[in-house]
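The whole structure should be built from the sequences, with the hints applied where relevant.
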Amino acid sequence: MSDNNGAVKVAGLIVTGLLFLSLLYVVSATPFPHASYRSRELLPIELADALGGEMSNFLWDFRGLDLVMQTLILFATAISCLALLREEKP
Amino acid sequence: MVMGLELLFMFSPFAVVLFGLLSERFKVAKLKESVAILLSAFSLFSVWQLYTMLQASPTKILVVTLGGAPPLGACFEIDMLSLYMAFSAALLGLFATIYSYSYMAHDTRLTEYYTLLSALVVGIIGVSFAGDFFTLFVFWELMGITSYVLVAFRKENWGSIEAGFKYMVMGAVGSTLLLIGIALIYGLAGTVNFAQISTALRGQPMSLWLYLVFAVLVVGFGIKSAIVPMHTWLPDAHSEAPSPISAMLSGILIETALYGFIRVAYLIYEPSTFALPFVVLAVITMTLGNLMALRQNDLKRMLAYSSIAQIGYILIGISTGLVYGLLGTFLHIFNHMLMKGVAFLSVGNLIHRTGSRDLDKMQGLGRMMPITTLALSVSLLGLGGVPGTSGFISKFILFSSALEANLSILAIIGVLNSTLSMAYYLRVIITLLGTKTSEGIVVKEAPFLMVAVPVVMTLLIIAFGVYPDLILSFASDASKALIEGLANYIGVVIR
Amino acid sequence: MTNDVIFIGAIFAMMCIGLYCVTQKSMIRILLGVEIILNAGNFAIVYFASYHVAQGFVDPLGQSLAFMSIILGGSIIAVGLALIVNAYKQFKTTDVDEMRRLKW
Chain V
1380 MSDNNGAVKV AGLIVTGLLF LSLLYVVSAT PFPHASYRSR ELLPIELADA LGGEMSNFLW
1440 DFRGLDLVMQ TLILFATAIS CLALLREEKP
Chain H
72 MVMGLELLFM FSPFAVVLFG LLSERFKVAK LKESVAILLS AFSLFSVWQL YTMLQASPTK
132 ILVVTLGGAP PLGACFEIDM LSLYMAFSAA LLGLFATIYS YSYMAHDTRL TEYYTLLSAL
192 VVGIIGVSFA GDFFTLFVFW ELMGITSYVL VAFRKENWGS IEAGFKYMVM GAVGSTLLLI
252 GIALIYGLAG TVNFAQISTA LRGQPMSLWL YLVFAVLVVG FGIKSAIVPM HTWLPDAHSE
312 APSPISAMLS GILIETALYG FIRVAYLIYE PSTFALPFVV LAVITMTLGN LMALRQNDLK
372 RMLAYSSIAQ IGYILIGIST GLVYGLLGTF LHIFNHMLMK GVAFLSVGNL IHRTGSRDLD
432 KMQGLGRMMP ITTLALSVSL LGLGGVPGTS GFISKFILFS SALEANLSIL AIIGVLNSTL
492 SMAYYLRVII TLLGTKTSEG IVVKEAPFLM VAVPVVMTLL IIAFGVYPDL ILSFASDASK
552 ALIEGLANYI GVVIR
Chain U
2 MTNDVIFIGA IFAMMCIGLY CVTQKSMIRI LLGVEIILNA GNFAIVYFAS YHVAQGFVDP
62 LGQSLAFMSI ILGGSIIAVG LALIVNAYKQ FKTTDVDEMR RLKW
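Residue numbers (the working numbering), protein chains in the order written: chain V, 1380 to 1469; chain H, 72 to 566; chain U, 2 to 105.
Please keep in mind that the hints were generated in silico from the structure rather than gathered at the bench. Hints should not be assumed to be uniformly reliable.
[Stated by the list, open to error] Derived DSSO-like pairs (lysine-lysine); straight-line CA-CA distance at most 27 Å:
(1) 1468/V x 98/H
(2) 26/U x 93/U
(3) 1388/V x 26/U
What follows is the structure, given as structure tokens:
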């Protein structure tokens, strides 16, 4: 594979370029229907100075379950780094 | 809306690590293993409590939140299907933890092992319970991160690290595709709650963007679920992981990824849009899994390719779109969990005694390790679909549902593949039970707990093969809750 | 509509660049490819969230999802780096081709 690596790269680049251009054409032909199937009431927040506090309120009011489970993930990440990096004599 | 003590088991990894550190500090032997086993039994008990709570009234669905109201806030939405998958996960988690008590007894870093195993079970149960797409994504990541590390756990072997790294890279790409699916659905429907997505998007005419969402969801869930073009991480990861972790991965993790796809896709699309893509995917997955398994000499790699083939059979049930087909799917998920669990745990016994995974070095081992070989033989016959085991019943339902949905070609290919798979299953059984022995192998039977767990699971396989009513009613409730209970599912959240 | 073309094209381009980096030889480059792909996903969420409200307001749900997803991406990278450290300790190299011994 190292012999014709250059040919593989050029071929991949051409295929990717063609896919990219066709994606651009398709997206411009059928535009994305933003929020057209929306069925919920919005809760927009005005861009003001105290944005951090308001986002924090939103997170803890409505996404509390995700945040608590995210602490479990961060804990699992710490334990997994310990599991991989600890040197223990058997 | 209930938030009681039933979900307390989700915090059990914290307790395991606490007792693990205590046992290391005060040198109490076997404390952390016992605590891990007790907590996994507690998880199973909690799932059982939730089941009896829901069983009382058939149309009841539990919605659990922490603070805000569901359509904007994160929630668990627990119906019969979620409990079915959670029950399978908790049962296999309990068996794997009991098996690890003696299998991993001579390993290091055991505190981290039991914590991560407990967190893996919590992640899988969380994916089953999720009522919101982003909650599913958070638990998906928990399931993924713990499994990447558990595959690479025996870091002294070079193969484990390579397998873990390859699995991690492909899993991360899959998670991102899932995230792009969430983004597209959020852009279309303005919400990530399952009930609201269903209200917004179901029944709409299929446009280009909905097809794109379908493709992204298939690839994103399919990478973790080992559907064929995206399966390449599976043979390495499942053969290099320690045996109880292989059993967990093959037994319940890839099926939970498929459950995630089924849940989301049945909310958004009509079942008739599934037929063609899934017929093609089922055929390629079954055939490639069985053909590649024929060439293997490594026992665990052969079982890993067999897992890919079994996922192909499960995809047959999804492609029919009938309640009967989904009954076969979910029943096969439970049966495959039991059978593949027994297979990997018995192979773990064989590897523990002989020290290698090569099938040619294990000739004639059946005479020296009779109970293990008996369990392994029953499970392999069950995977092939021999009557008398529970595998026969689920495969029968899958293939007859394919006939009922006018997909007879799929049923024929399925039966042919099932026959093909018996070739390598019988090869394993004959090698183990033959009279010719490899030179230099003199072993005894494995330690007591390592033999007891596969025996108990084998008895369950035979029991559910002869009296399937026990699990058949549960699976039937689960599949009805998905298709016929959709209005109920939506109605609980959106009044 | 031109916004659509630019941003969806950018997301696709980031995924392609990330997928190219994943096929490289060095493990660190592979991990950077994973990070680029994860950033493409976060970018997609923020972009599609921006169309739900009028100018001058922000939709908090989309921003919250992106915020939590960045944290999850950080966890994955941490685990990947721990794996690379282990591989280096064993092999004294981070070249994937030299370590590829698992065949069919």
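Hint check results:
Distance hint between residue 1468/V and residue 98/H is fulfilled; the C-alpha atoms sit about 14 Å from each other, no more than 27 Å. Between residue 26/U and residue 93/U, the direct Cα distance comes to roughly 15 Å. Compliance with the 27 Å bound is thereby established for this hinted pair. Between the alpha carbons of residue 1388/V and residue 26/U the distance comes to roughly 14 Å, so the proposed pair stays at or under 27 Å and holds.
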